[in-house]
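According to the numbering used here, the residues represented by the sequence shown are 274 to 588, in order.
None of these hints come from the bench; they were simulated from the model.
Please read these numbers as outputs of a predicted model, since none were measured by experiment.
Hints are supplied without guarantee of correctness; some may be wrong.
[Claimed, not checked] Subject to a maximum C-alpha distance of 20 angstroms in a straight line, what follows is the list of computed SDA-like cross-link-like pairs (lysine to any residue):
#, residue 1, residue 2
1, Lys524, Ser474
2, Lys482, Pro569
3, Lys524, His300
4, Lys524, Asn459
5, Lys458, Ser386
6, Lys524, Ile578
7, Lys524, Pro569
8, Lys482, Asp456
9, Lys482, Ile499
10, Lys524, Arg559
11, Lys524, Arg425
12, Lys524, Glu564
13, Lys482, Arg537
14, Lys330, Arg344
15, Lys482, Asp581
16, Lys458, Leu379
17, Lys330, Ile320
18, Lys458, His370
19, Lys482, Thr416
20, Lys524, Glu503
21, Lys458, Glu473
22, Lys482, Leu563
23, Lys524, Asp490
24, Lys524, Phe557
25, Lys458, Ile476
26, Lys330, Ser341
27, Lys524, Asp576
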Amino acid sequence: MNYEETCGRCHSDITATYSTSLHQNFHGYETLFETRAGMTFEDHPEIEEEFNNECGKCHTTCGECHVSRPRSVEGGLVQGHRFLPSPSQSDQCTACHGSRVGEEYLGSREGYSSDVHYLPNGMNCVSCHTGEEMHGDGTVYETRYQENDMPRCEFCHSTAEDANIYHSMHWDEFQCQVCHSQDYKNCNRCHVGGTGIREESYITFKVGKNPIPNERDYEYVVLRHIPIAEDTYSPWGVDDLPNYSDLPTWKYASPHNIRRWTARTDTTGGLTCSQACHQSEDFFLRAADLEDMTLPEQAANVDYIVPDGPPPWDN
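Kindly generate the complete structure, drawing on both the sequences and the hints.
Structure, rendered in structure tokens:
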């Protein structure tokens with residue numbers, strides 16, 4: 274069903290730009306594939322067909338946000354044939370984004386607290402992620418962090434820079450999540466067909482150098498391990514990824530598990546900020562964290578590690 278001919282009859286202001294929404298075109302994934310594989314879909318329509326058949330399962334239609342659960346989670350009407358002005362957090366948003374974002378935000382993982390912003394029947398996904406962001410603005414973005422309407426902590430907390438000495442010292446240097454995220458889920462191997470996932474996901478917390486300085490101007494950020502196996506696309510006829518090392522697999526992350534007090538901000542019992550954070554070896558992505566990776570994956574991430582020894586901001 275063509276959304277421009279159906280929904281667009283009343284909502285042409287939205288459908289006019291929806292094709293540029295990352296929920297619709299998945300251009301971010303396309304960018305990653307083309308960069309690593311060193312080829313374009315334009316030159317290889319047979320590979321684009323494979324991409325659409327596999328990755329297209331998650332493309333979102335108007336109805337999958339406003340009427341039914343998404344196809345990728347077996348569909349089903351949410352409230353009969355009622356059109357919901359805002360998507361249901363549980364039946365639509367976290368139905369797709371549940372294994373990481375949903376668990377983090379709701380605090381459903383044992384041993385972890387919900388995000389400080391989570392207010393049942395109050396603040397939910399659309400409180401920050403507006404229709405303007407979801408519906409596209411006419412620009413085809415390479416990644417979600419280029420989206421002009423994507424929320425940032427500073428939009429609501431514009432005066433936080435002067436709230437305390439720690440904020441004023443690190444405001445332009447650290448992504449907010451460096452201090453205020455809890456531990457979060459990371460992956461070991463991802464796949465489409467290939468030889469598949471090798472190991473289970475795991476919980477950790479890592480700070481490293483910023484891999485996307487053009488989109489976010491912090492020097493140090495939270496990194497999440499979201500790797501891809503080098504033989505991932507072999508079922509598509511792509512036997513290797515010649516430019517595999519051009520993109521990191523420890524990637525810029527925005528965990529949805531914010532707390533005021535975390536392992537880095539807790540100075541109770543006489544601890545100083547330096548003792549709670551700076552002197553910990555566990556928080557930083559170090560060279561040792563890359564040792565068990567393949568040589569191409571080590572090369573992909575070496576520029577983002579924090580050198581051994583005291584963090585650079587201690588010097």
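Q. Keeping to a limit of 20 angstroms between CA atoms, is the pair of lysine 482 and arginine 537 held or broken?
A. holds, 17 angstroms
Q. Does proline 569 lie within 20 angstroms of lysine 524 when you go C-alpha to C-alpha?
A. Holds, at about 16 angstroms.
Q: Take a quick look at whether lysine 330 and serine 341 sit within 20 angstroms of each other, Cα to Cα.
A: holds, 15 angstroms
Q: Compare the distance between the alpha carbons of lysine 482 and aspartate 581 with 20 angstroms, and conclude whether the hinted pair is satisfied.
A: At roughly 13 angstroms apart (the allowed maximum being 20 angstroms), aspartate 581 and lysine 482 satisfy the hint.
Q | Pair hint lysine 458 and leucine 379, alpha-carbon separation not exceeding 20 angstroms | A | holds, 14 angstroms
Q.
Please verify whether lysine 524 and asparagine 459 have alpha carbons no more than 20 angstroms apart.
A. With Cα atoms ~10 angstroms apart, lysine 524 and asparagine 459 stay inside 20 angstroms; holds.
Q. Are the Cα positions of lysine 524 and arginine 559 separated by 20 angstroms at most?
A. holds, 14 angstroms
(Q) Does isoleucine 320 sit within 20 angstroms of lysine 330, going by the straight-line distance between their CA atoms? (A) holds, 16 angstroms
Q | Distance restraint between lysine 524 and histidine 300, which requires alpha-carbon spacing of 20 angstroms or less | A | This hinted pair holds, its Cα atoms lying about 17 angstroms apart.
Q. Are the Cα atoms of lysine 524 and aspartate 490 separated by 20 angstroms or less?
A. At roughly 15 angstroms apart (the allowed maximum being 20 angstroms), aspartate 490 and lysine 524 satisfy the hint.
Q. Is the straight-line distance between the alpha-carbon of lysine 458 and that of histidine 370 20 angstroms or less?
A. holds, 13 angstroms
Q: Decide if the proposed pair is consistent with the structure: lysine 458 and isoleucine 476, CA atoms, cutoff 20 angstroms inclusive.
A: holds, 5 angstroms
Checked against the numbered hints above, the structure violates none of them.
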